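Peer 1: If you read the protein sequences in the order shown, they are chains P and X.
Here the first sequence is numbered in UniProt numbering, starting from 1 and rising by one per residue.
Here the second sequence is numbered in UniProt numbering, starting from 1 and rising by one per residue.
Please note that the accuracy of each hint is not assured.
Any copy will do: because identical chains look the same in the list, a pair fits if it lies in one copy or spans two.
[What the hints assert, rightly or not] Pairs of lysine-lysine, DSSO-like flavour, derived with a Cα cap of 27 Å:
1) Lys103 x Lys118
2) Lys23 x Lys41
3) Lys172 x Lys313
4) Lys267 x Lys280
5) Lys313 x Lys280
6) Lys148 x Lys280
7) Lys292 x Lys280
8) Lys337 x Lys177
9) Lys313 x Lys177
Honestly, the hints are just simulated from the structure, not real lab data.
Note that the structure is a prediction, hence the values are computed from the model and not measured.
Number of protein chains: 2
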Amino acid sequence: MSQNVLFTEQDHQFMARAIELAKQGRFTTTPNPNVGCVLVKGGQIIGEGFHQLAGQGHAEVNALAMAGSQAKGATAYVTLEPCSHFGRTPPCAEGLKAAGVIKVIAAMVDPNPQVAGKGLAILADAGIEVASGLLEQQAKLLNRGFLKRMEQGMPFITCKMAASLDGKTALKNGQSKWITGSKARQDVQLYRAQSCAILTGADTVLVDDAKLNVRIDELPESLPTELPLRQPVRIIIDSQNRLTPELALFSIESEIIILTTELDKSKQWPHYVSHIVVPKQNNKVDLLAALKLLAQRQFNHIWLEAGATLAGKMTEQGLIDEYIIYFAPKLLGNDAKSLLNFAEQTNMQDVDNLTISECALIGDDIRITAARCLNTAP
Amino acid sequence: MSQNVLFTEQDHQFMARAIELAKQGRFTTTPNPNVGCVLVKGGQIIGEGFHQLAGQGHAEVNALAMAGSQAKGATAYVTLEPCSHFGRTPPCAEGLKAAGVIKVIAAMVDPNPQVAGKGLAILADAGIEVASGLLEQQAKLLNRGFLKRMEQGMPFITCKMAASLDGKTALKNGQSKWITGSKARQDVQLYRAQSCAILTGADTVLVDDAKLNVRIDELPESLPTELPLRQPVRIIIDSQNRLTPELALFSIESEIIILTTELDKSKQWPHYVSHIVVPKQNNKVDLLAALKLLAQRQFNHIWLEAGATLAGKMTEQGLIDEYIIYFAPKLLGNDAKSLLNFAEQTNMQDVDNLTISECALIGDDIRITAARCLNTAP
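Please put together the full structure from these sequences, using the hints given.
Peer 2: Now the structure itself:
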């Protein structure tokens, strides 16, 4: 396997196209990664494909189907190492081999321990020229949720918040509607739709009677997918079993997981509601344990929309990978409510530095994206 | 005077050049406005000038000096209506007339009641074709301090703040060094250098032992001026006469004005320190009265660098025209200190909407500029 190969300008263009294709699956592939594939012969694209839905064809399969017999002698550009194992579909490495592809360039090696280099090895053993690492950073960013789950057994957490310019989320009396404008709220819907799950605390559900679904009619008309959108799973941390089936949350027929410390069998829940009992910490759901359990349930990327207490606790424990904060051009003053509640800091040197990865004007508001580590930036 | 004249593409280009020239004076012309002038004949620029220092030649005088006898028959593009009165220099309208200019296009009419259309009238009366309103918005933004003083008898106030992403300026124990990075602090020096004055409260001076001068060595090397920079006047609100001459502030030999409610004659001040007694409000300096007095002293644009109390009071009274907030990618939590202290708001509908005019990455930090009115945005 040649790792230090010099890629050509054309290689870059075809891989960039494969990444564009991969992105088309970002509303639908969970728990699988987003993958795109381009087949090229004589400098021309003869087949393209991306992974659309778990259980359906992988990107390579779709590209090979489009190329047909032309695939013989072609080069495959694929954003993730072709799989080597029988999952819900046969291994793609075998498929590329059988189709007579003569070269395979992968953007990155599959972090899935079931694959992890085996896919490229199958190809190399069959005399196919293989290389990896082309536009690797971009490919990794596209699947940072899947990557984190595979590498650390934890989901990638993006924490969304909305505040005034002086960092306040609500007036002292609790009024918070609306700090940000309609464009920012629409933008949130687009992020929700791309997430595997939306996570919040019982407080948010009880105080706002929030439904936490994707409001399809608020999404932009030109979505980069033609597939029907799925509703992300709604996950609520409810340590004290305060939720009741009458809440608006439960009026939407779509999967809900309640994380609690003890099962309360006195309530009747709809069939799409399940409970997970999580170990306790200080009589509440242990957040680290909860996230590990969610990773085991194959949640890659979780969108956290919580209040200052839960978001603060998760910040304190270093469980948040990325913050997306919408700042509205308003000032609410010191009596208003702070963004994040966590234990007093006493030394500026001990305060973590985040990295700003983006700053954008969304309607009348500003959206700032800040990541805990540089390499998790979008 | 033809106000609804259709300006040509060439007219726009020459006026844009005049505005660029005007900007070169923005570190030095106070209390005068920034003005640029371009003289054009046969489609060629034959003279350029800008106003550099109060008491020295106006933009038109400098452009006419460069053009010499060629000025006869030329068109003048000037970012502000030529003056009609004898100030420290003779009226420019007369100068343009005498030089034989045949057309004068002004970006805006002079808001100075001593001019206010009289300059253009002198020219029109002499048979010179005149027009105004070309790139008017840009010209107005350049001199929004001068404009506000002329039109409202008040200085334009830009309030600078630095905070963490959750809107906190310091830890609970007071530690605030450094929230933002060196690039942001350098950026502040550039704004200070362009201001007529830096305003703060005695608290900030006492707590930080702040000098509040422009640190010339922290400015970018390629400043858009070759003139020696002046130090902005430092203005301190000290209602209770708590300042003492031993403070670092007074070690820099450059004008300082102390605003107080009563003169304290027990202290010996350096010669560059003066006091203004301002009417009281709740036993403190009446902020509105103070700003009016500063406008009378010809301060156009004041850079406010104050703590949460003074900046909060000024926000509450609607005295701030623009906020420049540097957000560092850090999170300090709810116990840390808030950006602005002011009376509790109880209704979200009553909260003023600002307008975001800019959002920029400055080193590792973000600078957000928000204005109180759209038409004061930079």
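Peer 1: Work down the list of hints and note, for each, if the structure agrees.
Peer 2: Going through the hints against the structure:
1. Lys103 x Lys118: Cα proximity of lysine 103 and lysine 118: one copy only (16 Å, versus 79 Å across).
2. Lys23 x Lys41: Only inside one copy: lysine 23 and lysine 41 sit 23 Å apart there, 57 Å across copies, limit 27 Å.
3. Lys172 x Lys313: For lysine 172 and lysine 313, both the intra-copy (21 Å) and inter-copy (18 Å) Cα distances are at most 27 Å.
4. Lys267 x Lys280: within (21 Å within a copy, 64 Å between copies)
5. Lys313 x Lys280: within (14 Å within a copy, 46 Å between copies)
6. Lys148 x Lys280: within (24 Å within a copy, 61 Å between copies)
7. Lys292 x Lys280: within (14 Å within a copy, 61 Å between copies)
8. Lys337 x Lys177: Intra 13 Å, inter 24 Å, cutoff 27 Å: intra and inter.
9. Lys313 x Lys177: both (24 Å within a copy, 25 Å between copies)
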